[in-house]
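Line order of the protein sequences matches chains A and B. Numbered according to the UniProt record's numbering, the first sequence spans residues 1 to 408. Numbered according to the UniProt record's numbering, the second sequence spans residues 1 to 408.
If you are wondering where the hints come from, they were derived from the structure by calculation, not from laboratory data. All values derive from a computational prediction rather than experimental measurement.
Heads up, the list lumps identical chains together, so a pair's fine if it works in one copy or across two of them.
With a straight-line cut-off of 27 Å between C-alpha atoms, the simulated DSSO-like cross-links for lysine-lysine are: (1) Lys299 - Lys327; (2) Lys260 - Lys272; (3) Lys282 - Lys66; (4) Lys299 - Lys66; (5) Lys299 - Lys282.
There are 2 protein chains.
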Amino acid sequence: MKVLLVKLRKAVALVERPLLLYIRFGRSLRQADHVKRYCLERERERERAMAEVSNKQVILRDYVVKALPKESDLCVINTATIKLKLPAETDQPADAVTSSKVQLVLLKNLYLSCDPYQRLLMESVQGLSVPSMSSYTPGSTIHGYGVAKVLDSRNPDLKAGDLVWGTTNWEEYSLITTPQVLFKIHHTDIPLSYYTGILGMPGMTAYVGFYEICSPKKGEYVFISAAAGAVGQLVGQFAKLMGCYVVGSAGSNEKVDLLKNKFGFDEAFNYKEENDLNVALKRYFPEGIDIYFENVGGKTLDAVLLNMRLHGRISGCGMISQYNLDKPEGVINLMQLIYKRIRFHGFSVPDHYHLYPKFLDFMLPHIRQGKIVYVEDIVEGLENGPAALVGLFKGRNFGRQVVVVSHD
Amino acid sequence: MKVLLVKLRKAVALVERPLLLYIRFGRSLRQADHVKRYCLERERERERAMAEVSNKQVILRDYVVKALPKESDLCVINTATIKLKLPAETDQPADAVTSSKVQLVLLKNLYLSCDPYQRLLMESVQGLSVPSMSSYTPGSTIHGYGVAKVLDSRNPDLKAGDLVWGTTNWEEYSLITTPQVLFKIHHTDIPLSYYTGILGMPGMTAYVGFYEICSPKKGEYVFISAAAGAVGQLVGQFAKLMGCYVVGSAGSNEKVDLLKNKFGFDEAFNYKEENDLNVALKRYFPEGIDIYFENVGGKTLDAVLLNMRLHGRISGCGMISQYNLDKPEGVINLMQLIYKRIRFHGFSVPDHYHLYPKFLDFMLPHIRQGKIVYVEDIVEGLENGPAALVGLFKGRNFGRQVVVVSHD
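So that you can see chain A by itself, here it is in the shape it has in the complex:
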């Protein structure tokens, strides 16, 4: 019994001090525990975030040299992974890309747009000198315009949860090192996909190319090639708002119908059904053309030159008919530029992005009031992106071609 009492006393002595401590500092201890649990939870969350998830990507196999791009020139891969959190600034290796000077932004891509200029980037092009216009690298993800959600950001103007449009990569998640090519989306009463088109780069292209480059005046005669595309459909509507006479050309009767009955063009024609574009233009423009919004180049440009009026203006936006040729078609009627004192002004919209706020002020009321309409051709799934993109060069799209990567 004595032995038992001694053991019990020892046992009590063993717990006595901790117990006293517990009683004395109980409150503090409970707090410390809470902090510890909190830290553990955050650590687990961080680990989950830092865990690499699969990142589907569209890759250019090799340069497409002077040929129509095929779906097989691109491939969709599922082997890449990405961490859904930027590394802590102290963790990062001190290389050029992840240097703390680079304001990394991590995006979840929602919508990607298919644009004709992307064909040019499938070749090795030099001298374009804007970040969004650098040639693709064979074996790497292609880039383009898109709408995305910010998952993490080291840029002070962007935070997790923000929606943006701008230059991103054709993949599910993108680590952007040049956040200056991203524009924050403030107005979400408009369909988000519109920021790949009417409220994004093509919208700005139409706006700058028409209002800034063409110096339009009420009553002038306006011709638009590739008029049913992402840019052309808007230029035509801008020209109608300005009080111009507007004719568009497109590559199918369905598109011609769209131009006349949806976008309000005065006239439209299917260039594939015209034997002589010069004759076609003379039919629609007996008085000649004041403004030509150039999207196609080649034979169309040659025919337009013959039909331009004195002091006409040509807004050089693109020459899609030439992108896939072994050698561009020679344009022979350039003397008309001098005879008629015409201004041909090539432009690229990134030079004009400082006008974006002014553009939004103009566009938003028109869209909300239904005074400017927009037609999109939406494809679901990044895996269907290559077909959508190469389809552009066969005129398969019906309105602005968009690829949905994720709806939210």
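Dock chain B against the given chain A, drawing on the hints supplied.
Just chain B, lined up with the frame of chain A:
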């Protein structure tokens, strides 16, 4: 005797009254006689003036279609005559040309200039819409720029004896129905022939095409084709005054020497000795071209496009290499206009003549101080005009080609 006295009295009576009248009104009679003599003299002078004198003319035989013009496409005739006084307004037949509403001006032509644009007028060209740019009529006198003396004028701003430059006909005397194409010459301390060149249309063309169309900036890289011609030699000097780096191309080593040693171009080359214009331009412009003053078109334009810099400007003045071809050469590198956001602006100097006073204020001190020099290639005699004019298209002229019709 009585009979004799009667006869004498009758005879005295016959002269008495006139004699008395003569004595009484002698002074008035002498005045009337003076007036009569004066009127007779003026009448004789008017008759001399109204007498038709021979008027040598240069005639276009027939349209020159897509070929190098030959001297035999033009002919000099001596059969035409002209009255060296305008008909009195009341005398004139009420037709369109001599209607009193038309402010006729009669000119004695002194100097005529040979200009590349005249080749275009040897074909049936439409749509140029400036009086000086209407096609020639086969069988009729050709027109062009010249310096002339006013012999008679129904225009309130011009009087006999005035010197003018502007659009006139290739003949000794011209009846001008559009005096708005004539500019009065106020500064005669400069050689009169300069008003066909440095102080006339080519000077204005160089001035407008460089300063107004090209928006030049100090330090920019400037290339000028046909640089030893009437316009090119001035553009190069303007560009040097602006602090640009200037290279010109020409068609002979003598002209290249002129560009470098007389006009102060930084570099110049003989395009006929270059196998590859693209290579030549890369040699002279390793950094590319900011401003191209386009005088020749075709292959040169194609090579220039490849070498233009971002936001470059091309002043479309002429395309002399294309004027005589069966079909213009196709220009294939137009996509560069878009890649590099280039502005190609065709212009024609008559659109800018309102700037002539500003131009004179700029040019006169530079000429007087020898800061701008000018080289002319002067041919004596209207009969040598056709050879001088067609020689222009073979590059025979050495500087500004002028034809002297009369020295005063």
